[in-house]
Amino acid sequence: MANDKINFEVMKGEVHGLLGENGAGKTVLMKILYGMHKPDQGQIFVDGKEVRIDDSAKAIRLGIGMVHQHFMLVPSLTVAENVVLGLEPTKYSYLLNIEKTLKDIKSLSDQYRLQVDPKAIVSTIPVGVQQRVEILKALYRKAQILILDEPTSILAPQEIESLFDAIRALKQQGKSVIFITHKLKEVCAICDKITVLKKGKVVGTVEKSHMNPDELAEMMVGHEVLSTFEREHVAPGKVVLVVDKLKALNDRKILALKDVTLEIHEFEIFGLAGVEGNGQTELVEVLTGLRELKSGKIRFLDEIITDASPHRRIGMGFANVPEDRQKTGLILDFSVLENLILGQQDTPPFATKWSTLNLGNAAKFAQESIKEYSIKTPSDHTLARYLSGGTQQRVVIAREFSRKPKLIIASQPTRGLDIGATEYVHKKLIEMRDQGCAILLITADLDEMFALSDKIAVIYEGKIVAVKDRNKTNELELGLMMTGGKCE
Amino acid sequence: MENVSRKGKKTDNPGALLHTIESRLPPTVRQRLGNTWFRLHPFITSFFDKLSRNLARFVRGIVPQAVAIIIALLVGALVLWATGHSPIDAYSQLFAGAFGDSYGLGQTLTQATPIIFTSLAFLFAFKSGLFNIGAEGQLLIGGMAAALVGISFTNLPFYVHLPLALLAGAGGGALWGFIPAVLKAKLDAHEVITTMMLSYVALYVTSYMVNYPFKAPGWVAQTPLIAPAAELPRILPPTQLSGSIIVALTMVGITAFVLQRTTLGYEVRAIGLNATAARSGGINVKRGMILALVISGTLAGLGGAGEILGVERRFIDHFSPGYGWDGLAVALIGGLNPFGVVLASILVGALRSGGMVMNRVTGVPLDVIYLVQSLVVLFAAAPQLMKYLSKRGVLTLRTAGRVLTRFKSILKNVRRRLKEEEL
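In order, the protein sequence lines correspond to chains A and B. Residues in the first sequence are numbered from 618 upward in steps of one, following the numbering used here. Residues in the second sequence are numbered from 337 upward in steps of one, following the numbering used here.
Please keep in mind that the hints were generated in silico from the structure rather than gathered at the bench. Note that the structure is predicted; figures quoted are calculated from it, not measured. Quick reminder that beta carbons are idealized off the backbone N, C-alpha and C, glycines included. Errors might be hidden in some of the hints.
Among the chain A residues that face chain B by a calculated CB cut under 8 angstroms, a handful are [claimed, not checked]:
1) Thr905
2) Ser926
3) Asn937
4) Pro939
5) Leu949
6) Gly960
7) Ser972
One chain only, chain A, in its complex shape (with noise of 0.2 angstroms):
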């Protein structure tokens, strides 16, 4: 049972927390107030009636808005053919009218405080705007009800702050907004009342006066959890990745790097800290041979391997946790141990000499992988698709790590988990350090960066504004450079 009769209220003009672990059933009550499940039993009222809601248009309609964890845009259009999609204004009856589109999506911006542009392709812009897209196709859908599902799992800090800006707005001008997270800070910080759920049911409703991180947090695991994380120092060892003044473009033919240099070492998780689109995706898409580069040089241990295929790469020992679990981690309608083997299909044990895949192997390491990793699922046979995010991320790294790599690129590696599912990602990435592998960490999450890292370096607009020792900075310095504040 995902949801076991949840009583479930929000007022008019508030912000309201709903706190609980991934597979508290969160996501399923959202589903569920949006149409797109249906309850066995119970009523939902809005505005004091009761309603019956079919299906999404349904909710619509009831002045529901819902923004996904997983992004429902078109990528190919812009963002106001997104915004307007379905309810395009039109002249003549037939003609797409777009000065009107863009006039009512200029108006719902300002008045919302969520700056786009309006004539960018979605598929081209940062997640933290497509993000601002999502809000504003719900109120340009007349939202009055608007719930986010885990909306700061995919910001850096100072998107979040201006995503707060935001949701204060809806409040002021009465919207009513449902906030999903597994964040404490967040939830502290922007919610009038915080329902907390676990296991499908309602373990209390607090209000923001009586709000204490340490109760929730308890209310919501049922255990202590640790924020900070038990790490012993280790030297570094011999140098494994040198990059040398990298410059590349990105898809708009821009330039994203420019001159990036770095040095990672054996037993080093070396942290790069950037608010989102200054040029990480671009850097790892460089890194793991996925993008071109116009001029630099990239050194692996004693080798250049600037122009190495992705394929070379992997054989000498790169690991890539992806940004993008389901676009670029996984095949999402690929068998868990399909997914398991991809990346050394080609190579013993899973391929005989013959080129013929060994499914005995393959089925041998995926059920290794399936006990050492903890990954639920029913079988090696399940597609990927029916796994939970955090199964899927064990899925990637169960693959990248028992290839016993050398160099892990890991990017924002614990996006959209929860407590204990982050946990075991910071766990295997310490316990890959402690065995002399050198990582790349890029992350959004400030906390995480700290937790984890030995040396951690800013990005700016495509470039390396400093590299700092763990010990030797704070949050705000960091903060302060990544928005391209002054620095020393």
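Given the coordinates of chain A, assemble chain B onto it according to the supplied hints.
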């Protein structure tokens, strides 16, 4: 998200059924089953596991297809009834004609054979995410290559000549798949356009060849007969069923094996399902696409060779009534599964050969058969095709939108200029 996983559980955990049954047995029975049972237990469980999994997959695949066929036949019955024919009579004649005797069966399979090849060809490219609609051209070129080898040698033994002719057919098709593949990989030319256009090139090139350089004496545009050593033997005389069907079924097996059990098949499927993740996993996407199209062309080319060497025995201008285009529809009816494709090809073959009998006996026009066939395609293929088209459709709409906007701004400019000139 966690809860979504439950969806997968029901069908994916059939071994549990056995445990349930076992736990419900009375203790005495369990004791009697004793050691043997427990020793066999893992094997039995895994056997049931596999069996039920495959069965479930089979049922899941075949049900929508069967429904489509039944609906199409019902609509066809309605048309028959409305035009004053007895649907029962017509359909029983159709069935009897297609499967009733060995002659009918032979003709059904003869009709099905080239379609098995072309639908396999479409399927293979589709698995890598490519839409090869040029099987017709690949089949024609393959057929021509086989015919040329067939007429060029006169004293080769059959065990050299026949394989050589088949290989030539495969090679011709492969070449006709390679061209669009390279255009795609190097120049990003859309394969739908290039494969389709190359089909017309193939049609006219082969037509030219049989009309001029390789024309046999006489009025008909055809090559001379191939040497007997290059012929694929007829299996079921007096029908035209030839060894080509054995080649076809072998290819079905090989295709299924390649897709499921080899590195190449794995990579091709990975590319088709998620090219980004495949690339990030170190798969050479361009190479995979080229190989997939070449293999696709090879399969269609072999189909052409099979027709020439087994049925026609010479290249006759326009010998293919559109087998290549049928392949696309049949692959979709067959649920894009190599074995499903065989069933679907036999269905279409049966409609054609049975249809002729039905036409002869009951006087129902053949058009009804084409109607039923088209309806089957429509109902069976629509969901798959729709899914594909909707993805492409958005792109097309976007382009159209761009063009419109651009056009509008040009108009605006022109209007402004005109105004300025007036002033």
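Verification of the hints:
no., hint, verdict
1, Thr905, "holds, 6 angstroms"
2, Ser926, "holds, 7 angstroms"
3, Asn937, "holds, 6 angstroms"
4, Pro939, "holds, 6 angstroms"
5, Leu949, "holds, 7 angstroms"
6, Gly960, "holds, 4 angstroms"
7, Ser972, "holds, 5 angstroms"
Violated hints for the displayed structure: none, as all numbered hints are satisfied.
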